[in-house]
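Here is how the chains run, residue by residue.
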Amino acid sequence: MESIVFLLLPAILTGDIATDDKCDTSDFIIPACTDVDES
Amino acid sequence: MHYRSSNFSILFEHKQNTYIYNTHSGAIANISGNNIHSAFNTIEDLSVDISSEPYKSLVLGGFIVPFDTDELSEIRCDMCKNKFKASHIDFSICLSYECNLSCSYCFEKNWVKITSSTDIDSRLLAYLQGQVREKETKRVSINWSGGEPMLFLDRISKTNSKLSIFCKEHSVKYRSTITTNLTLCSPEICDNLRKAAINTLQVTLDGHRSIHDKYRISHLYPATYDLILENISMLCEYVPSLTIVLRINVSRENFPTLPLLIKDLAKLNLKNRIRIAFARLRSHDSKCFSVEEYAHHEIVLYRSFIDEGWSFNFKRKLTPRYEGCAAYTKRSYAICPDLSVLKCWELASSNKHKIGRIEEKGKMILNGKESTALALDPLDNQDCRDCIHLPLCMGGCAVDRSTSTSSDNCDMRLGINCNPIKYNLIDIIKAYIDTDK
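As they're listed, the protein sequences go chains V and G.
At position 4 of the first sequence (counting the first as 1) the number is 15 in the numbering used here, and the numbers step up by one without a gap.
At position 18 of the second sequence (counting the first as 1) the number is 28 in the numbering used here, and the numbers step up by one without a gap.
It cannot be assumed that every hint is accurate.
Quick partial rundown of chain G residues pointing at chain V, CB under 8 Å, derived from the structure [as the list claims (entries may be wrong)]:
no., residue
1, Met11
2, Ser35
3, Ile38
4, Ala39
5, Gly43
6, Gly71
7, Gly72
8, Ile443
9, Asp444
In silico negatives: residues of chain G with every beta carbon more than 12 Å from chain V [to be verified]:
no., residue
10, Tyr29
11, Asn40
12, Glu63
13, Leu70
14, Phe77
15, Glu144
16, Cys200
17, Glu380
A short, non-exhaustive set of chain G residues, derived as facing chain V with CB atoms under 10 Å [said to hold, decoys possible]:
no., residue
18, Gly36
19, Ala37
20, Asp88
21, Met374
22, Ile375
23, Asp446
Quick caveat, the hints were computed from the structure, so don't treat them as lab data.
In this text, a Cβ means the ideal position worked out from N, Cα and C, and glycines have one as well.
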C-alpha cells in the first residue's frame, strides 16, 4: 500500500509561523542564544 | 507544472520505516511503498499531477516544490516578514546587576552595580504601557533577569502585576518569566510570585552537586545545589500554576555526573512537574564540549531522561525559526537598570551596542544604531545559504557576527556558533517519532 502519513504538518498550517506563539511552548525562553558565556 | 525535490528535504530510515522531513516546512511524514520512495528520489523537473497522491501530500509537506522556486528567497521573505512583525514584543529587563552569588564564569561580575530606582520603575511602566497601547500589539512577553532578580522581587512584582492587568484591559496577551539562581525562596516569596502573575521561572544547574557546587556559589552560599532543589520543590508546592524550567548546563566535566541529577529529581517527585532544557557550556575552556560533541551528548541525555519517563517538546526544535535572532528583530529589546536599551542581552557588556534610552514619561529615544542590527541577515553568509539546517537556526546568535572583527573571521563561517541541531537533527526527529503520542 502506497501512503504518506504526516506525523507533523507544515508549521505554516499548524500556525506555528503565522502566530509565532512561543508563549504556549514549553521552552520559549531557551533560545540558542542563552548559552552561558564565559568570555 | 514541473516539480523538483526541495533542497531542504531529508529522507531517512528508522525502525524499518521510511520518513521524510523538511527543515523549511517543518513537516514530517512516514512514507511507505517503493514507488513513493523512488518517486521522491527521482523527482527532478518532473511534470506531475499534484491533485492526486502521493504528489498532493509531497507538495503539502513542502517535500517537492515547483521547479522554479527559489527556496532561499522564500526563507528570506519569511524572515523579513517576521523580524518586522509589529504584533509581538519581547523584552528582557534587568533592574539591577546585583547578585548574591559570584559564579566564576559570570560575564556580569565586573559590571558597575547600578540599581535602578522607583522613579525608574514608573518610567519603565509608562514605556511598557505605551507599547501595549500600540494598535498592532497582540502579545507582550517579559523576561525579568539580573543580577539576581529575586533581590528585587517587590519591584518586579509591582510592575509585572500592573502590566498584566493593563494588558488584559487592552486585550493583549501577556506572559512573564523570571530567570533566577533560586537561592532565595520562602513561602512569602512564593506568594509574591503568585501575586505578581509570573508565568514561568527559569533556574540553572551546572550539573550534579560535585560540579555545580564548584561554580554556582559565593562566600554567603558555599554550596547551592541542594538549596536550589529544595526551593524548586517549595515552588512546586506553593505555586502549582508556575511553569518551572530547569536549565542544565552541560560540559565535558559535568556530563558523567548527570545520571545522579536525574535520580535526585526523581527522588523529589519533580519528573514532568518541571521542564528540562539542556544548554552547552560555552567558552574556550577544555572542560566545554565543541558544538558537535555537545550535540551527540545532548541526545544521550534526552534518551536517558526519556528512559526515566521524562517528556520533551521536540516539536519546538523541529519548527522553522523564521523570526531569527532577537538581536535583529524589530520589537525585541533588552532594558538595562539605567533604562538604556539594547537589542539583546548578549550585547550588554558594551555601551557601543546601546540603541537608545527610555527617557521621561516613558518615551524611548533612539540613537540611530537600531537599523544596523535590523539589517543583519544570516543569508549574507555563504555557509548558511548552503546549509540544509538554515531554517531551524536562521544563522544562530547575531551577536557573534556583529562583534566579529572581520567577516573573514566570523564565528559563523568557522561553524563555532552553529546550532547543535546541525549535528543531531536526525536523532532529534527519531526522538520526536518515538515519543509523540
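Report holds or violated for the interface hint on Gly71 of chain G, using the least CB-CB distance to chain V and a cut-off of 8 Å. Check passed: Cβ of Gly71 of chain G comes within 6 Å of chain V, closer than 8 Å.
With d taken as the least Cβ-Cβ distance between Leu70 of chain G and chain V, does d exceed 12 Å? 7 Å, violated
For the hint on Ile375 of chain G, does the least C-beta distance to chain V fall short of 10 Å? 26 Å, violated
Is Glu63 of chain G truly not at the interface, in the sense that its beta carbon sits beyond 12 Å from all beta carbons of chain V? Incorrect as stated: the minimum Cβ-Cβ distance to chain V is 7 Å, not above 12 Å.
Identify whether the interface hint at Asp88 of chain G stands, where standing means a beta carbon of chain V within less than 10 Å of its own. Given a least distance of 7 Å, the restraint on Asp88 of chain G holds.
Against chain V, run the beta carbon of Ser35 of chain G and see if the smallest gap drops under 8 Å. 4 Å, holds
12 Å cut-off, C-beta based - Glu144 of chain G kept clear of every residue in chain V: 17 Å, holds
For the hint on Met374 of chain G, just tell me whether its beta-carbon gets within less than 10 Å of chain V. 22 Å, violated
Any CB of chain V closer than 8 Å to the CB of Gly72 of chain G? Holds - the Cβ of Gly72 of chain G comes within 8 Å of chain V, reaching about 6 Å at its closest.
With a cut-off of 8 Å on the beta carbons, see whether Gly43 of chain G makes it to chain V. 3 Å, holds
Non-interface claim for Asn40 of chain G: all C-beta distances to chain V beyond 12 Å? 5 Å, violated
Beyond 12 Å from each Cβ of chain V, as asserted for Phe77 of chain G: 20 Å, holds
Going down the numbered hints, you'll see the structure goes against 1, 9, 10, 11, 12, 13, 21, 22, while the others check out.
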